[in-house]
Amino acid sequence: MARTSLQSRLAIGIAAPVAVATLLTVVLVSYGVRQLVDDFVLTRLEHDLETLVAGVELSPDAPPHQGKQLTQVYQQPYSGHYFQIEAPGSAPQRSRSLWDQRLDLPDLEPGERRTFRTRGPEGQPLMMLAEGFSQSGRSAVVGVAEDLGPLTSTVQFLQIAIGGLGVLLLALIVLAQTALIRRGLAPLSALRQELHRLEQGDITELNANRVPAEIQPLIKEINQLIRLISSRLTRSRNALGNLAHALKTPLTILDGLAEDGERTTGDELHRQVAAMRNIVERELRRARLAGGGMPGRTLAPETALGELVDVFSKVYANKAITFDIQAPPELKLPLDREDFLELAGVLLDNACKWCDHRVQVAVERTGETTLLIVDDDGPGCPAEQRDSLAKRGWRVDEEQPGSGLGLAIAADILEQYDGLLSFHDSPLGGLQVKATLKTGRD
Amino acid sequence: MRLLLVEDEAALAEQLRKALSDAGFATDVTGDGIEAQYLGEEEAYDVAVLDLGLPGRSGLDVLRNWRTAGNDLPVLILTARDAWHEKVDGFKAGADDYLGKPFHTEELIARLNALIHRASNRPGGALTAGDLTLDEERQEALLPSGTRVGLTGTEFRLIRYLMLHPDTLLSKSRLTEHVYEYDQDRDSNVIEVYINRLRRKIGHEAIETRRGQGYVFHPRFFHQQDG
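Chain order of the listed sequences is H and F. As numbered in our numbering, the first sequence has no gaps in its residue numbers, which increase by one up to the final residue, 446. As numbered in our numbering, the second sequence has no gaps in its residue numbers, which increase by one up to the final residue, 332.
Read the hints as simulated data drawn from the structure, not as lab findings. The reader is advised that the hints may include incorrect statements.
Stated by the list, open to error - Beta-carbon label-pair distances, calculated as ranges:
no.: 1; chain 1: F; residue 1: 236; chain 2: H; residue 2: 307; range: 43 to 49 Å
no.: 2; chain 1: H; residue 1: 326; chain 2: F; residue 2: 169; range: 26 to 32 Å
no.: 3; chain 1: H; residue 1: 391; chain 2: F; residue 2: 169; range: 43 to 49 Å
no.: 4; chain 1: F; residue 1: 249; chain 2: H; residue 2: 269; range: 38 to 44 Å
What the hints assert, rightly or not - With a straight-line cut-off of 27 Å between C-alpha atoms, the simulated DSS-like cross-links for lysine-lysine are:
no.: 5; chain 1: H; residue 1: 323; chain 2: F; residue 2: 206
no.: 6; chain 1: H; residue 1: 252; chain 2: H; residue 2: 224
no.: 7; chain 1: H; residue 1: 318; chain 2: F; residue 2: 197
no.: 8; chain 1: H; residue 1: 336; chain 2: F; residue 2: 123
no.: 9; chain 1: F; residue 1: 123; chain 2: F; residue 2: 197
Said to hold, decoys possible - Which bits of chain F does chain H cover? Going by a derived footprint, with three or more residues having C-beta under 8 Å, they are:
no.: 10; region: 180-191
no.: 11; region: 198-209
By construction, the Cβ of each residue, glycine as well, lies at the ideal position given by its N, Cα and C atoms.
Just chain F, with the same shape it has in the complex (with noise of 0.2 Å):
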């Protein structure tokens, strides 16, 4: 999951990043406001973090301009403005979720992951797909047979998006812009390897190649094999 994370101070931010990357999110930073808004528009994130004071842009502007040019990215405003009108606000700007200052970073992350369930037309709770659970807080796989697995940072963000998009030809240019951060290198190569450690994790047939033009996973393989 690739996420934009809108924030103007900087000790503030760096801490975040480094719990949003734990947490498996790409996450790129800004700390300006028109900075911002040119990311939100040309970049593919699944979700964006958003502060309300910003310099160059203020946050809910920001937001506005996004919504008026019909981007529908998932916010959520991080603020220390957290009265009531100001939320109202906030959401009539066309924001998602709303988090006060002082937070929790895991209830950030919850918060975050509720969001891109939402996004993606997902009941809340654990991401599932057919019998395969995702423990989104551990970054493990539960497979059908009750086995848990664990994944590396890389393979977690690449089965999420794979289970958040089941049944979905995933280009592997669409896969690295959604797994990786702006400035990694990306190299669609590498997409290749971590779909073999993947598929050598949970299940060869679960996660199809269509040579040259992508691959599809299927939540299918998961069903108790009952006849």
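Extracted from the complex, chain H is given alone in its bound form (with noise of 0.2 Å):
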């Protein structure tokens, strides 16, 4: 099972790494410790192996007489120090400690020196030094040992120890991590508790001063995904009330001319489907804006405003309309095209409708808000049927067929970034609508 528990991935994490340091340890001690063993044992047995060869007579035909007195050790019987002398045609001369046993000695030329290990009485495992060495034409070879029994279950010892140490050092540290961990964590089961009355609808939103300052940030974006989420649920919820209560009075009206059936014009049929028409188109477009506070988004608007007047100088094409456009071209917006292109779209189409043959449209960004200036050298519009401009198509069942589509449109768009429309009178002579966005601080 791939579970990805924090906890069991900082275990691992640090154990890992520990219990590769302790068996390090381990190794690394017992190969010095062997070494200084090894080392201590050696220079002993050559000291003594010097006093051996300096003390032993060889004659022909008697053994090799080792004359100097070693010290008491290799008198006692299997007392872990032993000497051997073996000289060719001859029983070897072998230390009292052996009692009657021997050791097996290589052959060896005269100055020819060898350590290696072996097994000696008793089964004690030795450290055996061998020289080969002559004496008036006599050649021999002599042998000291020392039983390393005693020092190897010391270093064994050690090894066990250090080795323990580190296991126990590896648990407490895995203890006190994960009581960390756990204690670290505390706060998610309260946040964890905190998304379940969420759900429940007992809280609008998470509190974040209940959580560490690392996840705060989290927090935030949590509430502000779920502030997202919420409007535009509400946003929807609305639509869908908006489009079935809309549609009802034109399907009344088609109801009742269905039932004078041969007094019904064609007209009326017209009207109303017309009616119903620009409800859908309306809704459509509502439910189409993406609205303010999606993180991350920016939006140059002097390349799209230069790409809406490609379009409307086409689709305008017979008014030969010149469009000046001012926005400065490292300016970015955290607005999302396709909303921005509706708004501006919507402004655009209005003024190369109204318009003689100038169109002007201005992107100005101070402080919090953005503004979008939209001028035409058109007729205008009196002062006094302005504020019906504006409110015209704020609810869809007043609606009349064909009028206001586009400027309710761009209210939506407006609504969905605490904005507003305005009616000016334009420095070109006709309309100036100003759109204002709150779009926040860089």
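Assembling the complex is the task here: the two chains are given apart, and the hints tell you how they should meet.
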């Protein structure tokens, strides 16, 4: 099971290096101690060997005679310290400690020396130093050995001690770390309860104060998302409601028309169908809006307006309109491209419809708001009608077929961005439409 | 005027084909993107009406392929996708005009006429040549004298093509190509018959015959003779 528990991942992440380090320590210490022991034993053996060789007498018919007295340990049977001298043609001379045992010495040329491990009396592990030498034309081999048993067991104890310490350390670290994580993540279970309450509808957003600073940005993001989704939900609910209600009126009329069949005129049918079409169109456009608050969206208004102007130059080719775009090329806005194109498209379309031959569009960002200003040189709109311009289409069921749909859509988009639409006299002579959007700080 | 109608919904396509034919367009219909692209490449159309959601190949791809191949056939996109960002994409792909569904047939025809006038560098408004005016809505010719002359469908298509290409030598086969639909019987001798009928209606000298080459339409014939 590939469960990605933070706990186990951290435990493995810490335990593995500690285990490796412990193992390495054990290996290194064992090696070092063994080397130390070998060196120590070997030095002693060398001394004893030199003493032996210095004191030995080789005669043709007698076994090699060792006159010099070595330490007492070579006299005690199976003491762990042994020597043996072998010369060809006679019985070997052995230390008393060997008792009835003998050592296997290799054949060595004079001056040749060899160190090796072997087994001695009672199976003792021995370190053996053997050397070939010659005395007045006779050659012999001398071997000195020492039991490593007591030293080896000390080394083993050391190894086990270090290993044990490593395991203990490991266990301690894992335990401490588990406790730490439990403690560190405790606020998350509080968060889980919060989420549960959110789901139940007891609260509308998560409390960011109850969690550690590292998690706070996450909570803020989640809250942002909750707001966005709930505003979308509200919007789509409203849209569905509006749609259903708005369609009822023309449907009722159509029903009525169907009842007095012979007097029904095509015109009336057309009018009702057009009304329904407008309703569908507007709700469809509202449904498409992304709305504000989407993080990470950036839009270059200059590029987008350039693209739109290309479109309008073609759509209104017969009017030969001169377009003037005033937007800083480096300006980037946190807006959805489709929403912006829809808003600017509606306003520009309106301006193109009414203009004589000039349309001007400007984007300005000041502080937390962004202005989209569209001017035309058309007949304009008298001040007393401007209010109804802005209001028209606010409520779908008051909609007259074919009127004000564009500006109603613009108002819908602005609503998503906490903005508003206002109308003024244009310096070009016609109407100026000013859209104010809340775009927040950079 | 020959028109390519690319629309995959059969009922709407048929309804449109009728309306467009009545408005004097020799209309070929296809509902498939790949076939549409082929027809646009192979046939001499004057204008195309293009739906975007097509089986085979999307309308935008068809349009892009035409434009990449250097085909500058005037194209009007007719689609339910009429958000401004979608229009921007359509025009970027090379469309000349864009009409959202649902639409009024009259508006479509008016836009198509405007598109054709634009393609032959004509200003907007009624189609005129000299002092001869063509009423495209009623399919009537308005003579300098003020007399209205009714025209049959083929006559209307023929005179419109002539008026859009004044003082130009037009071969019989070119006229046939632009006046008849794809699967119609194309006997180029029939053009002669229609040219003669037109001459009887608007004046013999207006259309000059170049033997073995074709016809030239002279708008100057319609200038008021004031010396």
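Status of each hint after checking the structure:
For residue 236 (chain F) and residue 307 (chain H), the Cβ-Cβ distance of about 47 Å falls inside the hinted range of 43 to 49 Å, so the restraint holds. Between residue 326 (chain H) and residue 169 (chain F) the beta carbons are some 29 Å apart, a value that agrees with the proposed interval 26 to 32 Å. One distance hint, 43 to 49 Å for the beta-carbon pair residue 391 (chain H) and residue 169 (chain F), holds here, with the actual separation near 46 Å. About 41 Å separates the C-beta atoms of residue 249 (chain F) and residue 269 (chain H), a value consistent with the hinted range of 38 to 44 Å.
Under the criterion of a C-alpha separation no larger than 27 Å, the hint pairing residue 323 (chain H) with residue 206 (chain F) is consistent with the structure, at around 24 Å. Taking the CA atoms of residue 252 (chain H) and residue 224 (chain H), the gap is near 42 Å; set against the 27 Å cutoff, the hint is violated. The straight-line distance between the Cα atoms of residue 318 (chain H) and residue 197 (chain F) is roughly 11 Å, inside the 27 Å bound, and the hint therefore holds. Proposed proximity of residue 336 (chain H) and residue 123 (chain F) is contradicted: the alpha carbons are some 49 Å apart, above 27 Å.
Distance restraint check for residue 123 (chain F) and residue 197 (chain F): the Cα-Cα separation of roughly 30 Å exceeds the 27 Å cut-off, and the hinted pair is therefore not satisfied. Using a Cβ-Cβ cut-off of 8 Å, 3 residues of the region 180-191 of chain F lie near chain H, which meets the minimum of three, so the contact claim holds. Coverage of the region 198-209 of chain F by chain H holds [criterion: at least 3 residues with CB-CB distance below 8 Å; count 5].
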